[in-house]
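Whole structure, please, built from the sequences with the hints as guidance.
The listed protein sequences correspond, in order, to chains A and B.
For the first sequence, position 10 matches number 10 in full-length UniProt numbering, and the numbering has no gaps at all.
For the second sequence, position 231 matches number 231 in full-length UniProt numbering, and the numbering has no gaps at all.
Everything labelled a hint here was simulated from the structure, so no lab data went into it.
Fair warning: there could be bad hints in the mix.
Said to hold, decoys possible - The calculated label-pair distances, taken between Cβ atoms and stated as ranges, are:
#	chain 1	residue 1	chain 2	residue 2	range
1	A	Phe-286	B	Asp-278	53 to 63 angstroms
2	B	Tyr-145	A	Gln-51	51 to 61 angstroms
3	B	Gly-81	A	Glu-285	50 to 60 angstroms
4	B	Ile-137	A	Arg-153	45 to 55 angstroms
Owing to the predicted nature of the structure, the values given are computational and were not obtained by experimental measurement.
Where is the CB? At the ideal position from N, CA and C, for every residue including glycine.
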Amino acid sequence: MNKHLYHITLILSLFCILSCTPKQKEKKGKVQIVTTTGMIYDAVIHIGGDQVEAQALMGPGVDPHLYKATQGDLQKLQQADIVFYNGLHLEGKMGEVFEKLARIKNVAAISADLSDSLLRESETYPGTYDPHIWFDVALWADAIQSIRDQLIRYDSAHIDYYTQNANNYLQQLDSLDTAVKSEIATIPPSQRLLITAHDAFGYFGDAYDIEVKGLQGLSTLSEPGLKDISQLVKLIIDRKIKAVFIETSVSKKAINAVVQGCKESGHDVKIGGSLYSDAMGSFGEFEGTYIGMVHTNVQTIVNALK
Amino acid sequence: MDAIYIITTGSLVAIACGLLGCFLILRKMAMVGDAISHAVLPGIVLAFLISGSRDSFTMLLGAGAIGVLTTFLIEFFHKKGGLQSDASIGVTFTWLFALGVILISVYAGEVDLDQDCVLYGEIAYVPLDLWIGSNGIIYGPRSLYISGVVLVVIILFITLGYKELHLTTFDPAFASAIGISTSLWHYLLMSAVSLTTVSSFESVGAILVVALLIAPPATAYLLTANFKKMLWITVALSILTSATGYYLAVYLDGSIAGAMSTMAGLFFALAFIFSPVDGLIAKRRRQLYETSKN
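Take a look at the structure:
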């Protein structure tokens, strides 16, 4: 027995020695920032400009509820000067880790400063909120101001630069908000019904006066019931809705069932296209920016429903 | 420091799971870990419906309670219904999981609630999830403490109850003949499994726990016919799996849990081929030797 113990201690200590190689932390001039979603990343690079170096953990098409970190992500998080995340339980358990980490590191939930009255609270379970705040452009503009404030607090030397950038970006978002409103208004009111795979578009519906029906609940695990599908099929036929939508980061199986159901009842509803919901398009493309993503979504919706 | 924290936590979880796994394999109940990982869903939903909160501790309580219930139901169907243990496991966890899915769609459809986002941890977060005292002192990763305490409990349980566990596993008839209650020890073992798996789900995630519960003991089983040696080999393999898995993840920049499970599988494959007792090569040589003798 003792011999075994000896071997095990030997192996353990060997690995400890191997893993103890010191990593030198290179201090760059730029503020190192890590964000969870691409939407936050986009806001950070607009406000931080060339004073920051930002990285997003979740790439295009990733479901943030189910994201699992890699070894490299851990390193990025450890070395970051500031970490921004969405909060409101969007990142699942990772958010809980961030919450605790905030006591010893610069970690900020961009939804933290929003007043509760602006958020969509669950009716049955007070205290739980819909995390998809980026679909209401005006609300998102509110949220990202905390990025500017954090940057100024960390790097007060560039206060003017950050304020200027933030104002420019907020202005862009403001005109985006107006554009979305007028675009959606071109859809006839009876046709203003947005049917998607999961309940992500609540804020979008509230802000732009379009009724929203998600086939799945907020949780990606809750499967739609047969009654949900048949009710939705009836609604589509009654309102003569032309199209339903799929999402880039959620399975489209359930939506296909609805399309099939409508066909069997003689109403031809088509899939209006794929909406960016929990993740944006590839970085470097138009859909890979927040503004591009909103534009693309609105175009898709308007084209299909008008 | 990150590497040490992750490898140590991984090793502690792996040893606790592996030691229990040795008993599970010999009792033909290896899949019980996988069963618990699914069956805890209604526990999570009920804990949320009762408390209205989604923080780890509440979820852990709900999951732990249902985890113990799962193992009891499995044994109940097996003993009272005369059902094979694998069938009993299959019936129990699918039923409980389905109950959870229904509970979500009926009561909690508008809340993001499932094991993946409220219970299962991720071993990569171990160095980030620190235990910080009220006066701001950092005591180190929370999971490290939890898995350490769990391992101590498991080691105490196995050392103190070694004779009983050993006898009820290998010779239940003899055990009952000399007055050891097989059901009592079975329930004790299963409660230990439930405690270990649920707390480990929370610190390192489900896939890793299910893999560590089976793969290292199965590998050790191929390497020796002596039960004590099997336990020791499992301990050594657990540490080796955790450490090599971590470095594989660093090399690939991939999921740590995935890499550790891969290494556990790789060690099993090596044992399967090269084991001096049961390996493919050893068997083939014995066959050749026998034929040449005739």
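Falls inside 51 to 61 angstroms, the C-beta gap from Tyr-145/B to Gln-51/A? violated, 40 angstroms
Taking 53 to 63 angstroms as the stated bounds, is the beta-carbon spacing between Phe-286/A and Asp-278/B within them? Check passed, 60 angstroms falls within 53 to 63 angstroms.
- Query: Does the Cβ distance between Ile-137/B and Arg-153/A fall inside 45 to 55 angstroms?
  - Reply: Once the Cβ atoms are compared, 25 angstroms apart, the range 45 to 55 angstroms for Arg-153/A and Ile-137/B is violated.
*For the range 50 to 60 angstroms, tell me whether the beta carbons of Gly-81/B and Glu-285/A fit it or not.*
Given range 50 to 60 angstroms: holds, Cβ gap about 59 angstroms.
Of the hints listed earlier, those the structure fails to meet are numbers 2 and 4, in rising order.
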